[in-house]
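**Student:** Chain residues, written in single-letter form:
Protein chains: 2
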Amino acid sequence: MEFLKTQSRNAAIEGYIKKLVSRIDFEEIPLKNSVGRIVSLDQIASFDIPGFSRSIVDGYICVSGMTSGAGPGNPIPFTYGGEIQMGESLKDTYDSDKVYYIPTGAPIPKGFDAVVMIENTEKVNNTIYIEKSVFKGENIIYKGEDLKAGDKITEKGRVLRSVDIGAIASQGIESVSVYKKVKIAIIPTGKELKRAGEDIDAKSVYDVNSFMLKSLLDKFKYFETEIFRIIKDDEDELYGLIKDNYDKFDVFVISGGSSKGMRDITTRVIEKLGSPGILIHGIDMSPGKPTILSLCNNKIVFGAPGHPVSSYISVRFVMVPILNYFAGKTDIFEKPAGRGKLKADIPSKHGLDDFIRVIIEGEEIEPIFGKSGMVSTLSKSNGIIIAENEKEGLYKGEYVDYYGII
Amino acid sequence: MEFLKTQSRNAAIEGYIKKLVSRIDFEEIPLKNSVGRIVSLDQIASFDIPGFSRSIVDGYICVSGMTSGAGPGNPIPFTYGGEIQMGESLKDTYDSDKVYYIPTGAPIPKGFDAVVMIENTEKVNNTIYIEKSVFKGENIIYKGEDLKAGDKITEKGRVLRSVDIGAIASQGIESVSVYKKVKIAIIPTGKELKRAGEDIDAKSVYDVNSFMLKSLLDKFKYFETEIFRIIKDDEDELYGLIKDNYDKFDVFVISGGSSKGMRDITTRVIEKLGSPGILIHGIDMSPGKPTILSLCNNKIVFGAPGHPVSSYISVRFVMVPILNYFAGKTDIFEKPAGRGKLKADIPSKHGLDDFIRVIIEGEEIEPIFGKSGMVSTLSKSNGIIIAENEKEGLYKGEYVDYYGII
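Keeping their order, the protein sequence lines are chains A and B. Taking numbering that gives the first Met the number 0, the leading residue of the first sequence gets 0, the next gets one more, and so forth. Taking numbering that gives the first Met the number 0, the leading residue of the second sequence gets 0, the next gets one more, and so forth.
It does not matter which identical chain is meant; a pair holds if it fits inside one copy or across any two.
Each computed DSSO-like pair below joins lysine-lysine, with the alpha-carbon atoms no more than 30 Å apart:
#1 Lys17 x Lys218
#2 Lys220 x Lys193
#3 Lys218 x Lys155
#4 Lys334 x Lys379
#5 Lys370 x Lys390
#6 Lys334 x Lys395
#7 Lys334 x Lys218
#8 Lys182 x Lys155
#9 Lys220 x Lys242
#10 Lys202 x Lys135
#11 Lys97 x Lys259
These are calculated hints, taken from the structure and not from any lab test. Predicted model only: the values in this text are computed from it and were never measured.
Using the sequences and the accompanying hints, generate a full structural model.
**Tutor:** Now the structure itself:
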């Protein structure tokens, strides 16, 4: 194996995805089940929304010019012409000297240009008193004002939100083309690991990482994960497990595979699996430095650190962006959840991305210092901040971006 | 039906949940599938993590006092005593005058109190030169330092995050008790509605809301949703549909049920379904005002507005907090995603919560003004801000909380 220099996080991610062929497989799924999936075709409106100009309030349809000067002290009387029904065809002619009751959503007949809200009117027998002047277009939404035929509703590569799904549904579409889910195998490794339910002794620990990583990855609806059995330190067993499942998965995460005890086994297994093999071994980040990124015949094989916190940081901030790219997502990097003000100085080494667990309260950010083996520094925190590469530290009072804990 | 005054959003939510019996049904599910679910029992550590004091780096175990004064220019020689294996039982005695190689995660033998990282040492034959002094406890995580037996890992009523699941897994637990999912029936109503696939004409629109609401609610893993057939304006059909499915669901959302055309039908159906019936009819918010909150024999029945934006705002900011309470969640109100600075003045009426769609870029927040019928004001936005009740408006340059679009 060729030993590679450690790289900056961005260089590692960009270098890796250059070698990776992004996924192109897609599937047609029901629109109602598509939230959180990545759309694989631009969604274009094929007709105007609304398809007809309509009222957005309950009130009386009128000619705006004729309400000029109307007010609570100066009601203007109009003859009541009748009622326009919701969802009914319009009659041929309406008399624009009269006003007509119109419910929210009903179509605007020709010759009228505003709706007075019912609250600003009074009905006495067959006369409607209008007590507020309205401007042209008031309380009307015009044909195509929401979406015009040809408008892009959402772009290929975007994760569908409920509001995008609403806009697509407005076009009468009931299924949508999305990229297939990325299938991820999580393989816990380490001879000190015990499976839940097994007895434990002073030399062993229960497997934390595969539960945590599966849960983290399952937050993304376009990933599909499965946890495999624990591999102690048996090279043939690890190789055999991956080979047996090679065709069923796109990604193999060897949890603990970059830790001291497993590193050599992981690298030999990757070599056997195919070329180009290991692309990045070691990233300038803390925690998460001993991360292995490899590619074997376009199967993605990651060696994740054994420490729970390192593992979480490495998977979330290195592997997920790569997997986003592979999954067909356009924006591969997670956007910060927000910005806040630091309550304390944070020392940081120049030349690496430092991930600090924090507690965010309102606008204030308090760092939690803890050893990278400590899962409690994560579970007690509600945010993460990054002292990036070129920074020597972050200072009390400084505003910084933060990420939530998921 | 008794007509009720409109209420403030908080009063409506608090008034409603006072009448509601919170869910107590729980189920035991595999821990690995529990992310996003609400835990129904406090999770307490039953033993210390780590269970033994161990090294958090690869290096040499030593007695800290004996490294005093060591530096790159002043290496201190020690006799190499051998290697401590990961996951192996410790030998009975180690000689504390010597140093021993220790990998990350391996146990610390008695008589030693620090680990020198391998980078700060040099091995020449059987001699290890230590080139950095270490303090007591350096690079060691002590028994129970991460979690102590009796520590609370997570509290009843919290939504499980991947990091909580990791902490629970450290205790060798493989299943967890969570509140059962809340089953929500979404019933689209309105005689102007067409189902996707049907032909459309100038007097009708495709059903947007049930797709959008299902997708919004599906973001919460503790909800389970189903969309029913469109009910035009037939009271008996709506009543029959709910009655037939009464025992299978906890919640019925009558989408469009508070809109003008359906309001009377919805209220009569709610009366027939049982007491106490309608609790709140109308909330001081914009959009979303014509929201109906009712309770029929502890079945939750909501009448949601017909406008897509009103519907989204009403469900997310009124119904979801109520459903969170019913689902067993402790923090029922959504926390803002972050804070940003307004790029423009926003007028707002005193006495109601005004929900404004915005575009957030970095720290800057730009409002999108649009009519409440327009679903595109939601799909083009990436955030929502609230001009609360007592505010007359928000001002350019002001810092305000924002919520993401989901």
